[in-house]
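**Student:** In the order they appear, the protein sequences are chains A, B, C and D.
Letter by letter, the first sequence follows residues 1 to 292 in my numbering.
Letter by letter, the second sequence follows residues 1 to 292 in my numbering.
Letter by letter, the third sequence follows residues 1 to 306 in my numbering.
Letter by letter, the fourth sequence follows residues 1 to 306 in my numbering.
Don't read these hints as lab results, they were simulated from the structure.
One or more hints might be untrue.
Taking beta-carbon pairs under 10 Å as the criterion, some of the chain B residues facing chain A (in silico) [what the hints assert, rightly or not]:
#1 Gly57
#2 Glu63
#3 Gly64
#4 Arg65
#5 Tyr67
#6 Ala102
#7 Ala103
#8 Pro106
#9 Arg150
Nothing here was measured: the structure is a model prediction, and the numbers come from that model.
Beta carbons are placed, not taken as given, at the ideal position from N, Cα and C, and that holds for glycine.
Here are the chains, one letter per residue:
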Amino acid sequence: MRAEPADRPESPPAPFGRRLCEVAESRLAGGYRIFTLIDETGPVPAPGQFFMLAASGGWAGEEGRPYLPRAISHARFQEVPDGGMRLDFLIDEVGPGTSRLAAMKPGDQCWVAGPFGSRFSLPRQLNEDAAGAILVGGGIGIAPMAVLRRELVDRGIPSRSLLGFRDQAHSGGVEELFGCDEIRLAFEDGSAGHKGYVTDLLLQLLEGDDSRSAAVYSCGPPAMLEAVRQICLQRDIPVELALESPMACGYGACFGCAVPKAGGGYLRLCIDGPVVRGDGIASAMAGEPAVD
Amino acid sequence: MRAEPADRPESPPAPFGRRLCEVAESRLAGGYRIFTLIDETGPVPAPGQFFMLAASGGWAGEEGRPYLPRAISHARFQEVPDGGMRLDFLIDEVGPGTSRLAAMKPGDQCWVAGPFGSRFSLPRQLNEDAAGAILVGGGIGIAPMAVLRRELVDRGIPSRSLLGFRDQAHSGGVEELFGCDEIRLAFEDGSAGHKGYVTDLLLQLLEGDDSRSAAVYSCGPPAMLEAVRQICLQRDIPVELALESPMACGYGACFGCAVPKAGGGYLRLCIDGPVVRGDGIASAMAGEPAVD
Amino acid sequence: MTDLATDICGIPLAGPVLNGSGTFDALAARRVFGDALVEEFPFDCYVSKTITMNPRPGNPPYRLWETPSGMINSIGLPGPGVDGFLERDLVGLSELGVPLIVSVMADSAEDFAILVEKVAAREEVSGIELNVSCPNVHSGLIVGEQPSETEALMKALRPLTSKPLIVKLTPNVANPHEVALAAEAGGADSVSMINTVKAAAIDPVSNRAWLGAGAGGLSGPAVRPIALAQVRAVSSVVEIPVIGMGGISDAESALEFILAGARVVAVGTENFRDPKAGKAVTDGLPAALERRGFGSLDEAQSATLA
Amino acid sequence: MTDLATDICGIPLAGPVLNGSGTFDALAARRVFGDALVEEFPFDCYVSKTITMNPRPGNPPYRLWETPSGMINSIGLPGPGVDGFLERDLVGLSELGVPLIVSVMADSAEDFAILVEKVAAREEVSGIELNVSCPNVHSGLIVGEQPSETEALMKALRPLTSKPLIVKLTPNVANPHEVALAAEAGGADSVSMINTVKAAAIDPVSNRAWLGAGAGGLSGPAVRPIALAQVRAVSSVVEIPVIGMGGISDAESALEFILAGARVVAVGTENFRDPKAGKAVTDGLPAALERRGFGSLDEAQSATLA
Ligand SMILES: Cc1cc2nc3c(=O)[nH]c(=O)nc-3n(C[C@H](O)[C@H](O)[C@H](O)COP(=O)(O)OP(=O)(O)OC[C@H]3O[C@@H](n4cnc5c(N)ncnc54)[C@H](O)[C@@H]3O)c2cc1C
Ligand SMILES: Cc1cc2nc3c(=O)[nH]c(=O)nc-3n(C[C@H](O)[C@H](O)[C@H](O)COP(=O)(O)OP(=O)(O)OC[C@H]3O[C@@H](n4cnc5c(N)ncnc54)[C@H](O)[C@@H]3O)c2cc1C
Ligand SMILES: Cc1cc2nc3c(=O)[nH]c(=O)nc-3n(C[C@H](O)[C@H](O)[C@H](O)COP(=O)(O)O)c2cc1C
Ligand SMILES: Cc1cc2nc3c(=O)[nH]c(=O)nc-3n(C[C@H](O)[C@H](O)[C@H](O)COP(=O)(O)O)c2cc1C
Ligand code: FES
Ligand code: FES
Numbered sequence: 001m002r003a004e005p006a007d008r009p010e011s012p013p014a015p016f017g018r019r020l021c022e023v024a025e026s027r028l029a030g031g032y033r034i035f036t037l038i039d040e041t042g043p044v045p046a047p048g049q050f051f052m053l054a055a056s057g058g059w060a061g062e063e064g065r066p067y068l069p070r071a072i073s074h075a076r077f078q079e080v081p082d083g084g085m086r087l088d089f090l091i092d093e094v095g096p097g098t099s100r101l102a103a104m105k106p107g108d109q110c111w112v113a114g115p116f117g118s119r120f121s122l123p124r125q126l127n128e129d130a131a132g133a134i135l136v137g138g139g140i141g142i143a144p145m146a147v148l149r150r151e152l153v154d155r156g157i158p159s160r161s162l163l164g165f166r167d168q169a170h171s172g173g174v175e176e177l178f179g180c181d182e183i184r185l186a187f188e189d190g191s192a193g194h195k196g197y198v199t200d201l202l203l204q205l206l207e208g209d210d211s212r213s214a215a216v217y218s219c220g221p222p223a224m225l226e227a228v229r230q231i232c233l234q235r236d237i238p239v240e241l242a243l244e245s246p247m248a249c250g251y252g253a254c255f256g257c258a259v260p261k262a263g264g265g266y267l268r269l270c271i272d273g274p275v276v277r278g279d280g281i282a283s284a285m286a287g288e289p290a291v292d
Numbered sequence: 001m002r003a004e005p006a007d008r009p010e011s012p013p014a015p016f017g018r019r020l021c022e023v024a025e026s027r028l029a030g031g032y033r034i035f036t037l038i039d040e041t042g043p044v045p046a047p048g049q050f051f052m053l054a055a056s057g058g059w060a061g062e063e064g065r066p067y068l069p070r071a072i073s074h075a076r077f078q079e080v081p082d083g084g085m086r087l088d089f090l091i092d093e094v095g096p097g098t099s100r101l102a103a104m105k106p107g108d109q110c111w112v113a114g115p116f117g118s119r120f121s122l123p124r125q126l127n128e129d130a131a132g133a134i135l136v137g138g139g140i141g142i143a144p145m146a147v148l149r150r151e152l153v154d155r156g157i158p159s160r161s162l163l164g165f166r167d168q169a170h171s172g173g174v175e176e177l178f179g180c181d182e183i184r185l186a187f188e189d190g191s192a193g194h195k196g197y198v199t200d201l202l203l204q205l206l207e208g209d210d211s212r213s214a215a216v217y218s219c220g221p222p223a224m225l226e227a228v229r230q231i232c233l234q235r236d237i238p239v240e241l242a243l244e245s246p247m248a249c250g251y252g253a254c255f256g257c258a259v260p261k262a263g264g265g266y267l268r269l270c271i272d273g274p275v276v277r278g279d280g281i282a283s284a285m286a287g288e289p290a291v292d
Numbered sequence: 001m002t003d004l005a006t007d008i009c010g011i012p013l014a015g016p017v018l019n020g021s022g023t024f025d026a027l028a029a030r031r032v033f034g035d036a037l038v039e040e041f042p043f044d045c046y047v048s049k050t051i052t053m054n055p056r057p058g059n060p061p062y063r064l065w066e067t068p069s070g071m072i073n074s075i076g077l078p079g080p081g082v083d084g085f086l087e088r089d090l091v092g093l094s095e096l097g098v099p100l101i102v103s104v105m106a107d108s109a110e111d112f113a114i115l116v117e118k119v120a121a122r123e124e125v126s127g128i129e130l131n132v133s134c135p136n137v138h139s140g141l142i143v144g145e146q147p148s149e150t151e152a153l154m155k156a157l158r159p160l161t162s163k164p165l166i167v168k169l170t171p172n173v174a175n176p177h178e179v180a181l182a183a184e185a186g187g188a189d190s191v192s193m194i195n196t197v198k199a200a201a202i203d204p205v206s207n208r209a210w211l212g213a214g215a216g217g218l219s220g221p222a223v224r225p226i227a228l229a230q231v232r233a234v235s236s237v238v239e240i241p242v243i244g245m246g247g248i249s250d251a252e253s254a255l256e257f258i259l260a261g262a263r264v265v266a267v268g269t270e271n272f273r274d275p276k277a278g279k280a281v282t283d284g285l286p287a288a289l290e291r292r293g294f295g296s297l298d299e300a301q302s303a304t305l306a
Numbered sequence: 001m002t003d004l005a006t007d008i009c010g011i012p013l014a015g016p017v018l019n020g021s022g023t024f025d026a027l028a029a030r031r032v033f034g035d036a037l038v039e040e041f042p043f044d045c046y047v048s049k050t051i052t053m054n055p056r057p058g059n060p061p062y063r064l065w066e067t068p069s070g071m072i073n074s075i076g077l078p079g080p081g082v083d084g085f086l087e088r089d090l091v092g093l094s095e096l097g098v099p100l101i102v103s104v105m106a107d108s109a110e111d112f113a114i115l116v117e118k119v120a121a122r123e124e125v126s127g128i129e130l131n132v133s134c135p136n137v138h139s140g141l142i143v144g145e146q147p148s149e150t151e152a153l154m155k156a157l158r159p160l161t162s163k164p165l166i167v168k169l170t171p172n173v174a175n176p177h178e179v180a181l182a183a184e185a186g187g188a189d190s191v192s193m194i195n196t197v198k199a200a201a202i203d204p205v206s207n208r209a210w211l212g213a214g215a216g217g218l219s220g221p222a223v224r225p226i227a228l229a230q231v232r233a234v235s236s237v238v239e240i241p242v243i244g245m246g247g248i249s250d251a252e253s254a255l256e257f258i259l260a261g262a263r264v265v266a267v268g269t270e271n272f273r274d275p276k277a278g279k280a281v282t283d284g285l286p287a288a289l290e291r292r293g294f295g296s297l298d299e300a301q302s303a304t305l306a
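The following block holds chain A by itself, in its conformation from the complex (with noise of 0.2 Å):
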């Protein structure tokens, strides 16, 4: 065990430029996608870090957009026997960009550069106390805790899911990405699991747990990030957060992707990010675009 919560574990550099990677399969999930693009270049993605896509034809829709890259985490990863890796991706569908990246079939092409961005830390690295880790995960924002979640499986960390869902529709992905181990759900509207917040969730888990042996991990809805950094920053648990916010390049170019830093200024959420400690910046809600 070391004295200090030690960096977090390097991610390799992505190839440079773009490549076309062809595209294995598309399947609903839920009120998702799931789609699945094989790179045959690229190095293992880390949890927590993105890929900026965009579909090889029609990238454009009825009126120039979309225009720019999209940013995506990939959900899970498997190597090909033949080389190669599989990349699955969990899509919602909120734009055009998205919704042409979802309407993609089998056999066609897609941009990818990548993988982009920042990885979460191990538990230990966090928190030199941790006894495993607490993984919150809300809607789309439970594809890079499921990576997460299987890195942790590998290595024999333990974890907990804690994954909160507004309605059936938004919890797409679930049975797919996520082992049944250790899992437990909240739904708004009540329709499975407990009914209300995942962050009632974490409560219930911090108040019978040892706080000083949490390592929290989450994505999700900015809200929802928020109120889980709060819990935590209140109860000094260290926090990691995957964050969203408006991307053009993905690999610092165009200084677009700015999230206020807790000591004021900017971080680059793309090179900075998009995983940053709950105490590094001034609020998860403030750098991402208005959706609800």
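Based on these hints, arrange chains B, C and D with the ligands on the given structure of chain A.
**Tutor:** Leaving out everything else, chains B, C and D with the ligands in the frame of chain A:
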């Protein structure tokens, strides 16, 4: 027989607005492509008329083009027993618009406005002494010629078709759109028929013929049209040409489709054409995009 | 159904959707579409193509170039001249069943005055738009580039008629609000904006300028963000109403202009893609207003942008 | 393989493709892509993000808005300030293996002078670009809008260095060629253009201005036709070379700028879509030149547009 060449037959008004039509078929035709739309509400289009077409999904490639609809002549129509019409279009893929149209698949929807523009006159309307019609078509310009020929066949008016092509790749649709009666082909590369220009065939015909009884119709590349026009003007033979020009709207709104008139000034090709009398314009080459 | 009735400079309108001058020839459209054009007329007010003193043939071809999400035109104001227009066209336009605004443009203040007097004298005409901003006519100074010129022109024209005078602004200036303020100071009842943005294209085959006139004006969704910025900059300083346009393609984008400060909007290039685009905008407005939480058009018109 | 070697203001270049200032952070890219960034550096000359006197945090979010075929940015020149830049960043940038142009901007002629002197003193720097045109900083007067101001600024800065001084022009003026002529008269070695076009967007949910700073600048293919017109207007009157940019997305569009009169070109927004966009442009140039009938880059550079 009337003393004066009469006006062209009237074409019915186009339905106001644009409408979605389903793609019923799309097939290769030599180097071109023929696709079929089911038009349930439009009137029967007349020979020479055209439609403004835009695929309803992904009308915009990587870069926001195509943006405007594209002017395309119909190449054939067939009334469908249970109402509506099958409209065939012959497409030469020269840019983003024609490529997107050619990529439409059965079941896709296409925005359609029209039929627009003027139609070809009947031979006796063009020349009171006309014994029949001489149709001179080239490349993609065989589409309106095919429609005119069918109408003449239906009306029992004799016609001879002279069709010229650069090579086999630029002769798509001939077999499908033309009967085998009275057709003579010219290929610049000598791969079939007469080796050379279709205007050679026209000259042969006019030499053998009594020019006074000729009525010539033509559609094809600008240089061919201008040659046909000069041949006819020099011999005082009435000729109608179906021209092209860049169009934004197709219904007289934008004033973009200007073609120089014989006496100075410009006509709007979409409403004063696309079928114009040879002596009505300054040149068949002035209003065309600089395509080869 | 939300009531969309409104007005511009005292002209009552059944809804807030006009056409952009020069983007819809109602007489040609009637020839093409028949009486359905009148029965389902897509605009709440019709703005004529810009009329000049003398007949003009317009610019040599090519006049059009498609661009990413837009187009360049270099039409050059072809038309019958004011007398031909008043004699032949105005009767047909008065049958459209909506108020009529006539757009005029001239090379000099004197000619502008003649045009305004002739046009204003006709009872069919509800308002006059002064096109001081066309990028496609080589008339030397573009009045609309200089606030002082614009104000002087307005002061000369204002006494000639009590009908609304609308100044069509050019976007090709550093500070459109200065020109707008000058128009207002000179007595304009409204400003309309934006006209097209100066643009050029190169022939892909001959390596020459594509447009017959060398350059032209950009329109369509590509310019919408520019238009929104200018409408906002102008509407926040003038008291007179703004007619907003530039890349409006649906109800959502029309509403953006109203939120940016326009009182009413005009549809231009989108008419070329859809002859009934004006109606599509109007039909979509109630739902668009509701999506953004407005109970009425008026609420959106009076919203101020933070 | 066509030789693409050329030069700008005497700086020899292996090819004619630069990056637009502020659209490619080579240091961040090296962190992300590793040494491949240097080995396959996509530009023939690197232009830094605009550097200011003091460190700046940049504008509050949101800073981006996607538009039809383009985007609006309102970044607000975040950066370490000139001293931080010279101390920390310059070393890394000098490892890129291409000539380096540093872009600077200040609120006053005095500060501009300090920046120019400090930057020019460093041997790693081949040229200096003066950003007198950023729409995203509230510095009162935008020097680049006034020919007289531009000329005065150039006259003040010219004696300070013999290194090339490039003036980055704003497109948001009626007559960019007047500003360009003034820059030339004041001693500029080159003008680069266009910077972004003033633009705005409305939040689809809150009905407020979307951008944290209220408005921003439009870039990408949407503005290409505007940029081409301005490059043409400027290059036909100035003697100094023009660095052309605005919506360049491939070799074909790069060549259009050269035909419009630019000597070399810069790729901006397209970098966001493809980190190697600069290289894609360069790689496509020989074929694009050939398609248009040019035997060499030089032939295209000396072609004059009819
Ligand atoms: C690191 C990271 C990882 C992500 N991972 C995922 C993921 O795994 N799955 C997933 O589905 N999403 C993910 N996202 C979110 C995704 O990138 C966005 O939802 C996507 O960019 C939206 O694009 P769109 O075109 O579909 O919608 P947009 O039209 O961009 O709309 C999305 C919202 O953004 C706002 N907006 C921003 N710009 C505009 C504009 N120009 N016009 C209109 N509205 C605009 C609006 O409020 C709108 O509701 C991630 C984002 C980041 C930064
Ligand atoms: C009345 C009429 C009937 C027609 N009938 C048919 C038909 O039946 N079948 C058929 O295939 N075609 C037909 N055409 C031609 C067809 O409309 C054009 O070929 C089509 O508009 C080309 O669009 P595009 O996007 O494919 O190519 P574009 O990219 O538009 O290129 C076509 C050519 O136009 C020039 N051009 C014009 N604008 C641009 C631009 N913005 N960028 C680049 N190049 C440009 C170029 O020289 C280019 O080579 C007809 C045209 C008219 C007017
Ligand atoms: C083909 C065409 C012709 C135009 N003619 C005129 C005109 O005669 N007078 C005028 O004031 N504006 C004219 N305009 C400008 C439009 O009225 C409008 O201001 C501009 O196109 C921006 O709106 P849009 O993007 O919706 O087209 C014309 C625009 C186009 C595209
Ligand atoms: C995100 C972004 C940041 C920019 N930052 C700067 C800058 O710091 N200094 C500058 O002179 N231009 C800046 N520009 C302008 C570009 O250098 C270029 O002039 C403009 O974007 C047009 O080119 P494009 O359409 O290829 O992007 C910036 C543009 C963008 C999109
Ligand atoms: S998305 Fe471009 S800098 Fe972060
Ligand atoms: S195409 Fe618009 S007027 Fe003819």
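**Student:** Can the hint on Arg65 of chain B be confirmed by a CB-to-CB distance to chain A that is less than 10 Å?
**Tutor:** Arg65 of chain B check passes; min Cβ-Cβ to chain A is 9 Å, inside 10 Å.
**Student:** Is the interface hint satisfied for Ala103 of chain B? The criterion is a beta-carbon contact with chain A at less than 10 Å.
**Tutor:** 9 Å, holds
**Student:** With a cut-off of 10 Å, does the beta carbon of Gly64 of chain B approach a beta carbon of chain A closely enough for the hint to hold?
**Tutor:** Gly64 of chain B check passes; min Cβ-Cβ to chain A is 3 Å, inside 10 Å.
**Student:** Identify whether the interface hint at Gly57 of chain B stands, where standing means a beta carbon of chain A within less than 10 Å of its own.
**Tutor:** Hint holds; Gly57 of chain B Cβ to chain A Cβ min 8 Å, cut 10 Å.
**Student:** Would the hint on Ala102 of chain B stand, with a C-beta cut-off of 10 Å toward chain A?
**Tutor:** 14 Å, violated
**Student:** Does the closest beta carbon of chain A sit nearer than 10 Å to the beta carbon of Tyr67 of chain B?
**Tutor:** 8 Å, holds
**Student:** A closest beta-carbon separation below 10 Å is what the hint needs, so does Arg150 of chain B meet it against chain A?
**Tutor:** 35 Å, violated
**Student:** Is the interface hint satisfied for Pro106 of chain B? The criterion is a beta-carbon contact with chain A at less than 10 Å.
**Tutor:** Check failed: Cβ of Pro106 of chain B comes no nearer than 16 Å to chain A, outside 10 Å.
**Student:** Do the numbers back the hint for Glu63 of chain B, that is, is its least Cβ distance to chain A under 10 Å?
**Tutor:** Interface hint status for Glu63 of chain B: holds (7 Å vs cutoff 10 Å).
The structure is inconsistent with the numbered hints 6, 8 and 9, although it conforms to all the rest.
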